[in-house]
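Enquirer: Chain by chain, the residues run as shown.
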Amino acid sequence: MKNWLSRYVSTAWMTGVFLFLYMPLLFMVVFSFNSTRQDAVFTGFSLRWYEALTRDTKIVEGFWLSLQVATAAGVASAVLATFAAFVLVRYRRFPGRTLFSGMVNAPLVMPEVVIGLSLLLLMVGVQNAFGWPQRGMLTIVLGHTLLGMAYGMVVIQSRLLEVDRAIEEAAMDLGARPIQVFFLVTMPHIMPAILAAYLLAFTLSFDDVVISEFLSGPGVNTLPQVIFGYARRGINPTIYAAATLLIVSVTLVVIFYSVWVSRQTRRRERDIAAATQTEIAALQPK
Amino acid sequence: MTSYALKMPGRRLVIGIPFTWLVLFFLLPFLILLYISFVDMGNDISPFKPIWDSNTGLLKLKYENYLSIFRSADGGGLFKTIYIEAYLRSIWYALCTAVLCLLMGYPFSYFIARSRASVRPALLMMVMLPFWTSFLLRVYAWKGILADQGVINQVLMALGFIDEPILMLYTDVSMLVGMTYVYLPFMILPLYANLVKMDFRLLEAAYDLGASPFKAFWLVTVPLSKAGIIAGFMLVFIPSVGEFVIPSLLGGPENIMIGRVVWDEMFTSNNWPRASALAVVMIGLIVIPLALYYYYTGDPAEKKI
Numbered sequence: 264m265k266n267w268l269s270r271y272v273s274t275a276w277m278t279g280v281f282l283f284l285y286m287p288l289l290f291m292v293v294f295s296f297n298s299t300r301q302d303a304v305f306t307g308f309s310l311r312w313y314e315a316l317t318r319d320t321k322i323v324e325g326f327w328l329s330l331q332v333a334t335a336a337g338v339a340s341a342v343l344a345t346f347a348a349f350v351l352v353r354y355r356r357f358p359g360r361t362l363f364s365g366m367v368n369a370p371l372v373m374p375e376v377v378i379g380l381s382l383l384l385l386m387v388g389v390q391n392a393f394g395w396p397q398r399g400m401l402t403i404v405l406g407h408t409l410l411g412m413a414y415g416m417v418v419i420q421s422r423l424l425e426v427d428r429a430i431e432e433a434a435m436d437l438g439a440r441p442i443q444v445f446f447l448v449t450m451p452h453i454m455p456a457i458l459a460a461y462l463l464a465f466t467l468s469f470d471d472v473v474i475s476e477f478l479s480g481p482g483v484n485t486l487p488q489v490i491f492g493y494a495r496r497g498i499n500p501t502i503y504a505a506a507t508l509l510i511v512s513v514t515l516v517v518i519f520y521s522v523w524v525s526r527q528t529r530r531r532e533r534d535i536a537a538a539t540q541t542e543i544a545a546l547q548p549k
Numbered sequence: 002m003t004s005y006a007l008k009m010p011g012r013r014l015v016i017g018i019p020f021t022w023l024v025l026f027f028l029l030p031f032l033i034l035l036y037i038s039f040v041d042m043g044n045d046i047s048p049f050k051p052i053w054d055s056n057t058g059l060l061k062l063k064y065e066n067y068l069s070i071f072r073s074a075d076g077g078g079l080f081k082t083i084y085i086e087a088y089l090r091s092i093w094y095a096l097c098t099a100v101l102c103l104l105m106g107y108p109f110s111y112f113i114a115r116s117r118a119s120v121r122p123a124l125l126m127m128v129m130l131p132f133w134t135s136f137l138l139r140v141y142a143w144k145g146i147l148a149d150q151g152v153i154n155q156v157l158m159a160l161g162f163i164d165e166p167i168l169m170l171y172t173d174v175s176m177l178v179g180m181t182y183v184y185l186p187f188m189i190l191p192l193y194a195n196l197v198k199m200d201f202r203l204l205e206a207a208y209d210l211g212a213s214p215f216k217a218f219w220l221v222t223v224p225l226s227k228a229g230i231i232a233g234f235m236l237v238f239i240p241s242v243g244e245f246v247i248p249s250l251l252g253g254p255e256n257i258m259i260g261r262v263v264w265d266e267m268f269t270s271n272n273w274p275r276a277s278a279l280a281v282v283m284i285g286l287i288v289i290p291l292a293l294y295y296y297y298t299g300d301p302a303e304k305k306i
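Going down the list, the sequences are from chains A and B.
Under my numbering, residues 264 to 549 are what the first sequence spells out, in order.
Under my numbering, residues 2 to 306 are what the second sequence spells out, in order.
Please keep in mind that the hints were generated in silico from the structure rather than gathered at the bench.
Mixed in with the good hints there might be a few duds.
[Claimed, not checked] Covered stretches of chain B, going by a simulated chain A footprint (3 or more residues, C-beta under 8 Å): (1) 24 to 34; (2) 65 to 71; (3) 190 to 204; (4) 283 to 296.
[Stated by the list, open to error] Reference listing, derived: stretches of chain B covered by chain A, where coverage requires no fewer than 3 residues with Cβ under 8 Å from a Cβ of chain A: (5) 38 to 44; (6) 80 to 92.
Note that CB positions come from ideal geometry on N, CA and C, so glycine has one too.
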């Protein structure tokens with residue numbers, strides 16, 4: 264009896280929380296197909312907001328800019344995060360390590376407003392001194408990379424800690440140079456994490472409003488900035504259409520990524536099993 | 002066992018690249034922020050002025066930038082400025098958000114941790130999935146849901162519960178719904194990670210020794226999950242304090258938080274030194290709870306995750 268009750272409560276609670284988490288997404292998907300600007304009543308199915316979306320030059324331009332910014336920031340973050348994670352995990356002692364570890368982690372807890380403001384001050388200072396760079400795409404990419412690197416580092420660090428150092432030692436003993444060990448042994452091991460770091464940095468960048476608002480110049484607006492501008496003015500179903508497209512693509516990417524990771528894991532397990540089999544076979548007395 | 006990393010020929014380069022990058026784009030901007038917060042801008046357009054006397058070479062800091070945060074200029078009392086109000090409001094909202102996330106997320110994480118091991122990854126994936134879709138858009142959706150003519154009001158009116166729409170948008174309600182919604186996963190994940198490792202046989206032992214379910218929960222489960230609660234609380238509280246987007250979209254003029262005030266000071270009043278001073282104080286607000294957090298859990302950088 265009691266067991267039955269507790270199961271009932273737990274199912275109800277979980278359903279409630281999931282409803283809360285998914286309600287806004289569901290809401291936007293449904294109302295992106297609404298035939299009128301109405302927000303609470305579904306008046307009929309139509310694709311007019313999707314059509315409006317393709318005709319909205321600000322959104323389309325913002326989308327391309329965001330795509331470029333996020334790609335650049337994602338790549339830069341993944342590379343720098345790999346460096347930073349490698350340094351933190353493998354060099355336990357070097358001058359300035361505490362400072363380094365603090366600087367890598369700090370953007371995780373810094374309010375974005377503070378990051379945006381301080382980077383803006385740097386950019387303005389540099390621009391005053393050298394007349395370059397103009398605030399625009401480059402400065403946004405720099406800001407996003409700072410954030411993406413911090414998050415990416417956490418992901419790569421946890422994976423790097425799991426790498427079996429004995430394999431690296433074995434590679435060294437077999438005559439591989441350190442650089443070769445990194446590229447042939449360590450990197451393939453942490454590749455899923457590097458990819459995850461890239462995706463995370465890409466998403467953060469593609470989603471960021473605050474840092475972009477501080478660092479973008481006149482006429483340079485990323486997609487979130489355009490949407491933020493619209494959103495403050497009121498209800499606009501065109502945004503729901505954009506949201507629906509985004510929700511669908513994110514879901515697809517997440518599904519593909521998890522399939523890829525589980526397939527990688529299974530293949531590795533199979534390879535290890537096969538290698539062990541061969542080993543055992545070799546040890547058997549003929 | 003020494004790592005091959007130590008034999009790396011470009012060791013200095015490997016450390017130097019990320020180090021230089023962080024010094025240039027994290028440390029230096031922060032130092033500039035600190036510098037500007039002491040500048041006397043006067044009527045100049047550029048805040049990049051020396052903070053020392055050009056004749057004597059002595060430092061000439063303008064503490065006024067900080068003092069004006071705490072003391073109102075027109076003879077009002079100490080701590081009665083719009084800045085202090087905004088700070089207090091930000092802390093209040095962040096605390097409420099963290100408490101709401103805990104109330105909602107604790108049972109949820111507990112139930113996930115106690116569900117069958119085979120369904121757990123799928124449930125966690127379902128928690129994470131909204132997190133990967135645009136934060137801005139998810140916040141924006143609440144605008145349509147909570148509006149006077151929005152879904153909730155329309156449904157309640159259609160069902161006959163209310164005659165007039167309830168005012169929810171641009172109030173504390175919409176602020177807290179939005180903030181709880183956005184930060185809930187930050188509470189659920191650390192709590193889950195903690196609860197899933199708990200030895201549930203300890204609960205059975207408590208039952209066997211005659212504890213009621215409530216007592217067992219309060220005396221066994223909660224203390225064991227203390228680290229998870231603190232971690233979740235911090236992960237929600239810290240970003241909530243600096244929240245910028247949610248008050249802009251879901252809050253009214255009454256709900257302005259400190260992030261917005263910094264922005265206005267910077268771009269509307271063009272008072273860069275004061276904006277910088279406000280940001281420095283804001284960092285202080287974050288550092289205090291963070292120091293407490295490290296005190297309780299240890300440095301995460303040193304911990305093997």
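Enquirer: All hints are to be evaluated individually against the structure, with a verdict given for each.
Expert: Right, here's what the structure says about each hint:
| no. | hint | in the structure |
| --- | --- | --- |
| 1 | 24 to 34 | holds (count 9) |
| 2 | 65 to 71 | violated (count 0) |
| 3 | 190 to 204 | violated (count 0) |
| 4 | 283 to 296 | holds (count 4) |
| 5 | 38 to 44 | violated (count 0) |
| 6 | 80 to 92 | violated (count 0) |
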